[in-house]
Amino acid sequence: MSMLNTLIAVCAAYALFLFAIAFAAERVALRGRTGWLRSPVVYTLSLSIYCTAWTFYGAVGSAVRSGFEYLTIYLGPSLVLVGWWWILRKLVRIGRAQRITSVADLISSRYGKSNLLGVGVTILAVVGTTPYIALQLQSVTLSFEVFAAGDMAAGEEKGHTALWVAAGLALFTVIFGTRNLDANERHNGVVMAIAVEAVVKLAALLAVGVFVVWGVSGGVEQTLARIDASALGRWRIDGGRWAGLMLLSAAAFLCLPRIFQVLVVENDDETHLRTASWAFPLYLGLMSLFVVPIAVAGLDLLPPGSNPDLFVLTVPLSQGRDGLAMLSFLGGFSSATSMVIVAAIALSTMVSNHVVMPLWLRFAEPGATVSGDVRNVVLTSRRLSIIGVVMLGYLYYRLSGGGAALATIGLVSFTGVAQVLPAMLGGIFWRGATRVGALTGLTLGFGCWGYTLFLPSFGPGVFLPEAWMVHGPFGLSWLRPQALFGIGGMDPLLHALFWSMALNTAGFVAASLASFPTPLERLQGAQFVHVFDHSPSPRSWTGGAAQAEDLMIMAQRILGAPDARALFEREARRQGLHGGLPDPTPGFLETLERELAGSVGAATAHAMVGQIVGGMSVSVEDLMAVADETAQMMEYSARLRAQSQELARTAAQLREANAKLTRLSVQKDAFLSQISHELRTPMTSIRAFSEILRDTEGLAPEDQHKYASIIHDEAIRLTRLLDDLLDLSVLENGQVSLNLREGLLSDVLDRAVAAAAADETGARLRIERDPAAEQVWLNTDLDRLSQVFINLVANARKYCDAVRPVLEIRVSAGEEVVIDFIDNGQGIGREARDMIFEKFARVSDQKAGGAGLGLAICRQIMVRLGGNISYLSGQPGAAFRVVLPANIALAAQ
Amino acid sequence: MSKHVLLIEDEPNIIEAISFILTREGLRVETHTDGTTANARLRERQPDLLILDVMLPGKSGYDILRELREEAATANLPVLMLTARGQTRDREMAERAGVSAFMSKPFSNAEMLEMVRSLVTSRA
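So the protein sequences, as listed, match chains L and G.
Residues in the first sequence are numbered consecutively from 1, following this note's numbering.
Residues in the second sequence are numbered consecutively from 894, following this note's numbering.
Bear in mind the hints are in silico, worked out from the structure with no lab data behind them.
Where hints are given, some of them may not hold.
To be verified - On the chain G side, residues computed to face chain L include the following (Cβ under 8 Å):
1) Glu904
2) Asn906
3) Ile907
Each residue gets a CB set at the ideal place from its N, CA and C atoms; glycine is no exception.
In isolation and in its complexed conformation, chain L is listed as follows (with noise of 0.2 Å):
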């Protein structure tokens, strides 16, 4: 009665106890001076979580069964830290770069962010713990009730005991284990309170080994003689089975989730993994130390039939030593909570982000992940994560009945664990590695696992049927459950172990190799597997100098020398530090990572940053925001790259209507040069001879009538050439209305011969034309196009050269009428046929009266009518070609 009362009370003041160191340690931790509590020492004894209840009372009970087997328990691990260190350097370094969180984080990561293999990792790890759980409220419950086995008032308090250790375990780890919710931020005060407890379970165990080996067995020798007297010394090793345990332990220290907690999320320094590769394996070795005597002075002294799993509490109190035993409670109670809220906090840890999260994410309102309750959200989940995981364990206990011996749960609990293994190393070791191969293996190892050995452990008929562990499942013997395609006589354990195994990672590879990566799968793997090459050491941590030098450089890259000089100087001189290189201060970077990100965009500067300084590697999630920040930029680029060619093309525009300005002046003032000379010289002839007839006197008749013709003629000069300007500037413009009329072409022709031979100054033309040929129906501007003739026809007239000109007109009506102008004379030189429509171009070197408008005049017409009129050449003399278009000739007749 006493006893059991000042066990509870024991066990509460342990409790409070707890729960003050780890207020103290986050206390400690909040004001910085985190020193100590990052020691490896700490570290090392964190890792003690791996000592369970089901090793502090396990291990002498397993020892009992099957003898040395047990070491095979602390050698894997041993194993690993001594000789794979190298594999968990890699994935604390892994963890760090890539922050990862917990065994599914790292398996969902590395395969591409996969949430399917997230869920998958989840719902393994926790179908994988929640039978360790049971195991270890299982132990807590048994070790009460040797208290209480004389007290018969305690039976009704017994049923309760689990219930009451669960919910103080679920409060503790709800309250140290979400305080806050960066898995980069230790849980110091959780890490602490555990490191505490690693002391007192192996003080615990120790103490008894101590008492049975010099207070029992009266010394070393008796012992060891002790020992080859009884059946533990007859043990004979099963080599296979010792091999397959050991790999077995091995594999689940590597996957367990809450060993992956301890070893790799609350890992502050990389350089502690060196510690305790030895500190650890010794640990293990004084936790094992004691175990074979200990079993073998229970076996002496207990009656038979004692439950050899509780000899470590029962051989002290059969010898009186409750204080002893207390302390040998307190040990096992300490495994067991430690275990429970480590386990509690990785599982809840992956339960919220892979599932809760997810789900909470999908269905939440949009627009409630921008504020702030996404925080809520994640701690609440996370604490309703963590009662959720310890009730499931605690369900688990009650419906299990405790009967299995805790031993063999223990190593189906491992063995199923074990199965992310393939994954985890192919993972960060094997860049082939891909999410279909993980999922495939996954899926088979877990399979063959819970068919193989989990489900067998609750007994035949629980949940697979008699039948189908003696026969198979409907009557296929190659599938019975303990004995796969045949192979029978195996071991149950190992059978599942080698099946499971063989088959997940023949799965694993085979679909890796049969899958392709996606680009996401792609780098992330090269981040895992080269994660040496991407981030640098941490041990830079420390490196002040060599730090900011190597901002410094970087800083100068992005910023330019001056600037970068001018800023690390200024934060030097606030630091009040001589020289220009400033310590790497949060402050400090904070600015240097803002002015970088002015330059390169704020997720380029945080990774380069951190890079640097936090040891950590650029993440996905960094560089699709630098690859954003560059398409950014890009985009940016191509704007303004689009922008300036815009303005290039502006500028070509420009140059080019400035270009025909110009071209247009020169020609006006050409235009108005021209026809300044054109009318300055009849008027220079009208003046002249004016001021003659006016001033001289006793002028004779007939000149007087000579210069009054000459004055008469250059008026009608001037005033044809007015009218030639104006008719062009009509024609030209656009502004003339033509007088559309139906005639026969002939008709026009006799009218402009007729013209033009009224026009007649030179020498006779003779004009040749075929009236056949001219019976053309027109339907035009008739005077026009008379116009035009009558110029042609002047011309010949005016500049033919034969000495008996003549003028041929020819005349083709088909789809276009065709009319050609064919002169006798030398023609027009090759030169000049390009400039004789242009206005005021003279080709001959005669006076011949005209201003040098007519042609011009003649093509504007010809424009305006629809057709046109060029220089024929390949003729004898100067050739002249009109044509009309189709619709102004009628139905020839």
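Since chain L is already given, all that's left is putting chain G on it; use the hints.
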């Protein structure tokens, strides 16, 4: 001995007018309608004055003048230039080519005669 004036002009009516005015004042006028025939005549015997139109068929008045100024014999020959394109630019071009005097068409007969007289006497 009467002064000798060489006139290069392509407009027949203007040739007639200038010849009439100058002959009436006792000057001897010889006319050419382009620079090529005039050139040979100039080498043969130098006139007292050259009256030069600008817009001539073939070689322009400016070109003829520039060539004359390049030759030592005619470098100082008085040249009166007449042009129907009376813009400032034409006057400048004429001056650069080395003209002695410049008149734009149409001109007053009296002024033209005055100009010819002064050029012819400065030569003497």
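Status of the Ile907/G interface restraint (C-beta, 8 Å, chain L): holds, 6 Å
When the least beta-carbon distance from Asn906/G to chain L is tested against 8 Å, hint result: holds, 4 Å
When the least beta-carbon distance from Glu904/G to chain L is tested against 8 Å, hint result: This interface hint holds because 6 Å falls under the 8 Å limit.
When each numbered hint is compared with the structure, no violation occurs for any of them.
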